[in-house]
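Residue numbers (my numbering), protein chains in the order written: chain A, 1 to 184; chain B, 1001 to 1717.
To be clear, the hints were calculated from the coordinates, so they are not data collected in a lab. All C-beta atoms in this analysis are idealised placements derived from N, C-alpha and C, irrespective of residue type, glycine included. Treat the hints loosely; a few may be bogus.
Using 20 Å as the maximum straight-line C-alpha spacing, the simulated SDA-like pairs for lysine to any residue come out as follows [claimed, not checked]:
no. : chain 1 : residue 1 : chain 2 : residue 2
1   : B       : Lys1012   : A       : Val18
2   : B       : Lys1402   : B       : Thr1046
3   : A       : Lys78     : B       : Lys1687
4   : A       : Lys78     : B       : Gly1548
5   : A       : Lys10     : B       : Lys1012
6   : B       : Lys1012   : A       : Lys78
If you only want the chain B side, here are some residues facing chain A, beta carbon under 7 Å, derived [to be verified]:
no. : residue
7   : Leu1011
8   : Lys1012
9   : Tyr1039
10  : Pro1043
11  : Ala1047
12  : Thr1048
13  : Thr1052
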Amino acid sequence: MIKTFFDWLKKPMGLIAVGITFLTLFSVAAFGLYQTQQPPAQPIEFPHKTHIAFGIQCLYCHPGASKGPSAGIPTQEKCWACHNQIQKTQTSALLAPLKDAVISGTPIEWVPVAIVPDFVQFNHRAHIAAGRNCEECHGDMSQVNIAENPQVMNMGWCLTCHVEAAGDDQEKLIKLSDCGTCHY
Amino acid sequence: MSQQFSRRDFLKLAGLGAATTAVLTGCGPASRYVKREPYMEMPEYTATGQSTYYATTCRECAAGCGLVVRTYQGRAIKTEGNANHPLNLGKTCARGQATLHGLYNPDRVQEPSTGDWDAAVQVVADALKNNKPEEVAFLMGMAPDHLFDLISDLANATGMNAPVRFGALGMFEARATLSKAAENLFGQAGLPHFDIGGAQVVLSFGANFLETWLSPVSYTRGFVGLREAQTKQRGTLVQFEARMSATGGKADEWVPLRTGTEALVALSIGKLAAEMMGVAAPRAFAGVSVQDAASKSGIKVETLEHIAKMFISQKALAIPGGAALGQSNGLEVAEAVLALNALVDNLGKSGGVYLSALAPAQSEYHRPASAQEMQDFVQKMADGKFKVLFIHGVNPMFELPKTIDFKGALSGVEQVISFATFPDETAAEADHVFPDHHGLESWGYQRVATGTAQPVLSGAQPVVSPFYNTRSTADVLIAAAQIAGGSFAQALPYADEVEFLQTKVAALMSEANGSFSAMDEVGFMASFQQYGGWWRNVDGRGIPSAAGALNRDINAGDAEFAGEGEFFFVPFVSPTLAEAGANKPWLQELPDPTTTVMWNTWLEMNPETAHELHIENDDVVRVVSEAGAVELPVYVYPAIRPDTVAMPFGQGHTAYGQYAEGRGVNPADLLGQHFNGAGDLAFAGMKVKIEKTGKKQQLSRLESLMGVYGEGMEAEH
């Protein structure tokens, strides 16, 4: 039975079948891979570009970036401080979820997109202190609505920048490329 | 190409494709996306992504260890010991770690049985106001905490019954016996403190100080000091007990004496030691016959001589505890063992026996009730002496021997009000349940009764906001007293629990030698919370008087055993669960240190005995005592005397939530009402019968079912 099957595989029809199977597997894998790189759905279609156009600094909503490991997601209290003074908040369908969340006192379930695995100890503060700008890693947020992640945040990407930053300073290079800098 | 494409290649390629797909998709960020709920209003002391740490006190047992709890975005994440705290110096036991499983337990009582708290406070106020003061009783857990002080103040001012404290741990530790023996020998009641770390040779008569005994974290640290061999010679531990406990497992010598002969053995060692020292045997030891003791206990005279020699050759310490004191002659056991210390003159010396330091602002040791006192209390309940019973922090339906019949006595009480955090057996029988916060959500302080040289008042503060509609019992009582008016309102003139705490704690500001000082009350309270308590930087331990210790008769007598059976019965507190850990899955999943059994109760039986009775591992047997019978699987345990069977206490709940309920059996169902000279329960003074049932129930255990001792191998081949 198996032998008959393998004999059939060697015939043109069989070869085509193998080809189709292989292509199917490949395209499913490719599609899966593509899916993983898409920004996730957010509870509110938050327009970053609108807020930046008003001249609001990144650190106004994400102040943790200059203070500690996590930049943080703003509290509803912070959103509402401005939005309850804006007429459009009362009428806009886009802003209805915010209004509902504040009135009912339920937290908005955001999905952070710029994330690293649990075994990486990333700290924003050190990067801000070293003079890096937010857009160097997070892209130009004045061009996007909901947050996208323009980089594949993997180790190669981190190290490329770390090595560049060290330049010719051997001591700095050792510090910046040490495993324990990020994995501890 | 198709010619070379074999089946193997096809499978390889297909497998590779599947693996690649899995890996590539699994490594993508989408696999890690999680929802984040930001604060609606961020507390000002919180920084995103940074943990906040709070010092508080562990409430899992009455020892009073200091904790530092890591919280993240308003959730408690991890408990660790408070490195500053003199009792535990940064360490915790497994129960301390598992306190989070109490906080997040899905079975917690989430609201008062009246639905809202105004009605609940009114119920409590009516109960206080509408009954005569002597008809109101409070039953509390063992911890000498702020709530005990608050209720004591209320009772003193109004003539109500003084609050009674009780816990199964205190019953199995025989605290009343230790205190009484100290009073008889040293002229002062109180818990003795044993400086294990400073000794070179430790004889422990049943004291399971590495498990649950008195203050296990502190005594474990003492044991580390005993074993420490960098700066001194490694110390030796000799454990006398019929069934090897986890502490016995750590001992250099384990002496399996017959249950009930501990006093004889201790006196014999005293007599032999005195002879070796070249002094006449003191009156305490003179009356004993070494030959007689050897034959009754099943220990060779040579062994006794060898231990006596070791005892006098180096800095030695003898500790009484556990099942050795839970005998009809338990008080004499404690006296005999404490007298050994007087013989080698270690009283009040490094490596010896002290009287525990009293906590700051404490004038005498507040002993929890003994089992006999509880029997009286329950009798009063049954006789209708109490119209109202308030219960907090204890589960007497589970912890008291069934024969004391707490359940039956409840019918003699008109109104039972429970403040239980969890739906335990007692709460199920109560008329009202007004749930207290979990320990990690509560304010408070607790006196450290024993375990450290310094007088310590351990502080507690909420590390998270309460999750449910619960309320602090102190707040409920303060509010109810205000409504009840009169002397009740005068006794508790506080706005809330925090004001009460401040009033009590601020009194320490003027005390000398404090661990910190402050100029004003607010600063003092802030430091009290920050450091996790206040302690005096002095050795506050008492020095026992040796005057009357040896010049007295100690009549060991023969221990009496209740029941018909042929086996001595040794119940012991589960080292992992203790009395209230069964509702915490981490503790259930933690293997017992000696048997590695999890999630169940077992009966320990010697392989010889099992062989004679044709019983194998996991055979279910019926254990019959004079008080009752239970059925449970056997664990064949080589480290137990053939004439003894043992059973852990901690399981066998009929309520207490999904993880505890209907699991294992409760040895308290087998215990009768026999007491020793100090009123503690003679829990190990029983004999039981073993009956086969023909059933089998496989125990889940970590060790191989083949057995670490090769037992069961034959059947396999």
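So, going through the hints one by one against the coordinates:
no., hint, in the structure
1, B:Lys1012 x A:Val18, "14 Å, holds"
2, B:Lys1402 x B:Thr1046, "50 Å, violated"
3, A:Lys78 x B:Lys1687, "70 Å, violated"
4, A:Lys78 x B:Gly1548, "73 Å, violated"
5, A:Lys10 x B:Lys1012, "17 Å, holds"
6, B:Lys1012 x A:Lys78, "56 Å, violated"
7, Leu1011, "12 Å, violated"
8, Lys1012, "13 Å, violated"
9, Tyr1039, "5 Å, holds"
10, Pro1043, "10 Å, violated"
11, Ala1047, "5 Å, holds"
12, Thr1048, "3 Å, holds"
13, Thr1052, "12 Å, violated"
Checked against the numbered hints listed earlier, the structure breaks hints 2, 3, 4, 6, 7, 8, 10 and 13; every other hint is satisfied.
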